[in-house]
Structure formats: structure tokens, C-alpha cells
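> Here's the letter readout for the chains.
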Amino acid sequence: MFDLVEAFHRPSSIREALRLLHAGGRRARIVAGGTDVVVRADPEIRSLVDITRLGLTYIKRSGGAWAIGATTTMAQIEHSAALRALAGGILVEAAKGCGSVQLRNMATLGGNLANASPAADTAAPLLVLDAQVVVAGERSRRTLALADFFLKPGETALGKALLVEILIPAPPRGARTAWSFQKLGRTESDISVVNAAAGLQVDGKGVCKWCRIALGAVAPVPLRARAAEALVTGRKLDGSLVEQAAAEAAREASPITDIRATAEYRREMCRVLVKRALAECAARAGCSL
Amino acid sequence: MRGTSGVLIMKTMQLRLTVNGETRQWTIAPGDLLLDVLRREGCYGVKRGCEKGECGACTVLLDGKPINSCLMFAAQAEGCDILTIEGLAVGDVLDPLQEAFLDHGAVQCGYCTPGMILNAKALLARNPHPSEAEVRETMAGNYCRCTGYLKPVEAVLAAAGRAPAPARSGRKAVKR
Ligand SMILES: Cc1cc2nc3c(=O)[nH]c(=O)nc-3n(C[C@H](O)[C@H](O)[C@H](O)COP(=O)(O)OP(=O)(O)OC[C@H]3O[C@@H](n4cnc5c(N)ncnc54)[C@H](O)[C@@H]3O)c2cc1C
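Going line by line, the protein sequences match chains A and P. Each residue of the first sequence is one higher than the last, beginning at -5 in my numbering. Each residue of the second sequence is one higher than the last, beginning at 448 in my numbering.
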């Protein structure tokens, strides 16, 4: 399958990895867990650069914020007690749903994002957490919002740079803050047909102080449903508002038909998942709808 | 570099790793997948199934963790410790999981069995007394297309029941 590959590199520094990528040009490919690279089997690849030995496997806390190294596996995220306590554990839940036990021992968080599948399960939770990505190029390092990272299916703002870290700023806290992640897959371990994540806070009167909603597998890139968020913010959270917001989110989606589902089904399920996410947030925030 | 006698120049590299307790040094191609290398070197218990990470027939333990060897480049296993089904029994003594699979008739054609047993082995190492739900969740990455899942799940639970208590005082395993 990879008969034409001429070199497999195992660099031990980011610098060296970037140099190898640069030298290999279009025909060099980064490999982390390999679960997407191998399945895709691009015949153009001539050199592989393994980035799992660069010291980028970690989950660190700095103040209220979290930094996760790009080569941290889904299994490591799933088993992190600290991340389970972060934002209702929505990132842990998403990681847990990524394929089988075997797959989660291989698949990395960085690979999930860099692969830029609109269905990537960790994207929606990270989008509602306002995550940023740290990208290392040969000359400089930059940090950008995850929302600006995805350009189109399979394409990111990375270019020939390396995604080194995922930063999660301290999420808003306080009473009556709640989060939810929802996934619809053909089977428990299959990639999402649709996914959604939400986070919100209500005040003592049940009025929504802020609301974040993200959608996966219903547009060329995972995205925030800004209109639906605006609709909810500042209004009393009740059943009818949840219905309206879910319908608005479904309007913001622009799904396609593929082997997993039709566009119509995706749009309808997007509405259902956003409704479930907001209802779950409401329940967790102590609001009865 | 070997194999350069013909016109075709095959690039090769060395892979050093431990397989079933023995240190190995193999000559591989840079694009070789771990599944292909293990089978080429005689570990036929590592089965070739879907080749896209879904069926789990190619499961091996890499540094104690189950992975799909069909999705991993062999070169990534440099310096790692691999356990395949061939390395599970100690001499003629089967692992309790292997015994349990036999006792429960959990083997039919046998193709999925090595992957199932290795995945269960890793589960019991980190969670010696899993619930049925935990066993089923773990085995979701191992497809069976003949006997079904009931007997394998029963076998894993039975093996867990007689697995030694989590190493407290180095007590010996209770003999059956
Ligand atoms: C059977 C199966 C089931 C799956 N189920 C799910 C699922 O339920 N949910 C889901 O979201 N995904 C799923 N996937 C997809 C895949 O496992 C994930 O996207 C995984 O997180 C990819 O990570 P990886 O480390 O294996 O990436 P790799 O395959 O190593 O890399 C993926 C891509 O990203 C690039 N890349 C990797 N790391 C970096 C980096 N740090 N910087 C720059 N570029 C990088 C690579 O060059 C490649 O183009 C599934 C895959 C399979 C085979």
C-alpha cells in the first residue's frame, strides 16, 4: 500500500521534524496515530515524518487554562480525571466516542483536528470551549483560534507547519453553568453522522447569560452556530426557546449527502441534537423547561 | 542496504523491538505496516481482516495497550514491546483467558479470537473485575462474524472471576 515510500523519519525535536517536512515538500506527510493517514493511503507519499517522539504528549494545567499536546491520544484524554472535571467533561465524552479502544490508543487529538474532517468528534467541544491551536513553523510560532483553523474539508490553516498544542482557556464558571456533547453515529464507535456541543449559563431567574453552540458534520467545517447563540442569549431559557434555537442552528447548517446520511437527514438531526444539547444544559443548570 | 541486486532499488531500514519477550531486529521497508511485518516474521495469529481499523482481527498489545496493527507503520514500533497471541501462553500453560474461551465454546472459526483475547487481556490488566457492560464496550472493537458475542463476553467475565486478586501481597493465583 505504501510501497513507494522511501523514508520513514522519527525526529526527536520539532525543529528537525519541520526541516524534514520542508525537505520532503508535497510528498512528505506527518504521521501521528496514523489512523487517518493509513486508511487514506495517498499514493503520492514518499516520506513519512513520525511526530510521536517530540515530547508533545501531555495534558497540562496553567492557571485555569489547559494545554494539551498535539500527540496526546484519545485514550489519554478519556482517562484524564482532570479533563473529566473540565466543562462537564464534554471533551472526554467526545474522545471516548472516537472509534474502538484500539483506535483510541492510537488516534491523537492533533491528528483529529489537522485531518480537518467536518465530522471530527473533538472539534465541536473544543469550539464551544473557545480553544486555540498553537502552530509551529520553521521560523515562528503562532496561536490562532480553532474557529479560524479549519478552511474546508481536509484543509486547515497549517500549511507546512506543525500543530503542537491545543489551548483551552479557563472556561466561564460560576453557578448554573452547564455543558453538553451530543453525537449521532451509525454505531457506537463509528464517526459522527452529526454531532453538536453546547455550553451556557443562566441567572437566578432562568435568563441565559451566555450561550455557545457548535455543530459537526453538517457543513464544510465544524462551526459555531452564532445566530442560534444570539437568539438564546439574554432570554429566559424555556422549551419554546430551545426549539427555536435548535431550528435556527439547523438553518445555519449546510450539510451534504454522503455514504453515511442524506443532507435532509443531517439537517433534521442537527436540529434534534442541538435541542438535546440545550435541554441537557438546562437540566444540568437546574432549569426546568 | 540489502536487496539492491536488481534494477529496482528497494529502500530498507532496520527495526529493533521486542516481540513476545524476545528482542528482534528486522529489515523492513519504510512504508511497511506493522501487521504485514508481524505476519511476514511468522506471527500468523495476527489476522488480516478489514485493514481499516474496524474489525480488530489484527489487534496486538503495544507496550501493554491494544492497537490495530493494520493502521500502524512498522517503523513506529521502534523500541516497543509487542505481545501477539503466540506469546500469551507460558510454555504449555494457557492464559486463563485462553482457557475460558475454550471452556465456554467462545471460539468458532477462530479468526477474531486472537484479537478478542488480547484486547480482553489489556482490559483485565487495568480493570481485573470489569462489569459486563465494560467488557462489551471494550470488545466493540472486535468483530465476530460467526459465533457472536455472548460466549466471548461470558468467557472474559469468567476469566476475570478467577484472575488473581490485584497484586496486594504477591499472592499466587488460585489454582482451579
Ligand atoms: C475505524 C475508524 C473509526 C474512527 N472513528 C472516529 C470517530 O468516531 N470520531 C472521529 O472524530 N474520528 C474517527 N476516526 C478518524 C481518526 O481516527 C481520527 O481523526 C484521529 O484522531 C486521527 O488522529 P491520528 O493521530 O491517527 O492522525 P494521523 O492519521 O496520524 O494524521 C491525520 C492527518 O493530520 C496530519 N497531522 C497529524 N498530526 C499533525 C500535527 N500535529 N500537525 C500537523 N499535521 C498533523 C497528518 O499528516 C494527516 O494528514 C476513525 C478512524 C477509523 C479508522
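Simulated from the structure, these hints should not be mistaken for lab results. Incorrect hints may have been included.
Calculated lysine to any residue pairs in the SDA-like style (CA-CA distance at most 20 Å, straight line) [claimed, not checked]:
id: 1; chain 1: P; residue 1: 458; chain 2: A; residue 2: 18
id: 2; chain 1: P; residue 1: 512; chain 2: A; residue 2: 18
id: 3; chain 1: P; residue 1: 458; chain 2: A; residue 2: 14
id: 4; chain 1: P; residue 1: 512; chain 2: A; residue 2: 183
id: 5; chain 1: P; residue 1: 458; chain 2: A; residue 2: 5
id: 6; chain 1: P; residue 1: 458; chain 2: A; residue 2: 238
id: 7; chain 1: A; residue 1: 154; chain 2: A; residue 2: 183
id: 8; chain 1: A; residue 1: 203; chain 2: A; residue 2: 183
id: 9; chain 1: A; residue 1: 203; chain 2: A; residue 2: 154
id: 10; chain 1: P; residue 1: 458; chain 2: P; residue 2: 470
id: 11; chain 1: P; residue 1: 512; chain 2: P; residue 2: 573
id: 12; chain 1: P; residue 1: 458; chain 2: A; residue 2: 17
> For each hint, tell me whether it holds in the structure or not.
Going through the hints against the structure:
1. P:458 x A:18: Measuring from Cα to Cα gives roughly 16 Å; hence the hint holds.
2. P:512 x A:18: Violated. Residue 512 of chain P to residue 18 of chain A sits at ~32 Å, over the 20 Å cutoff.
3. P:458 x A:14: Distance ~18 Å between residue 458 of chain P and residue 14 of chain A Cα, so the pair holds.
4. P:512 x A:183: 18 Å, holds
5. P:458 x A:5: 19 Å, holds
6. P:458 x A:238: 61 Å, violated
7. A:154 x A:183: Given pair residue 154 of chain A, residue 183 of chain A is violated - Cα atoms ~31 Å apart, limit 20 Å.
8. A:203 x A:183: 35 Å, violated
9. A:203 x A:154: 40 Å, violated
10. P:458 x P:470: Violated, because 23 Å separates the two Cα atoms, which is more than 20 Å.
11. P:512 x P:573: 10 Å, holds
12. P:458 x A:17: Distance ~18 Å between residue 458 of chain P and residue 17 of chain A Cα, so the pair holds.
Checked against the numbered hints given earlier, this structure breaks hints 2, 6, 7, 8, 9, 10; the rest are met.
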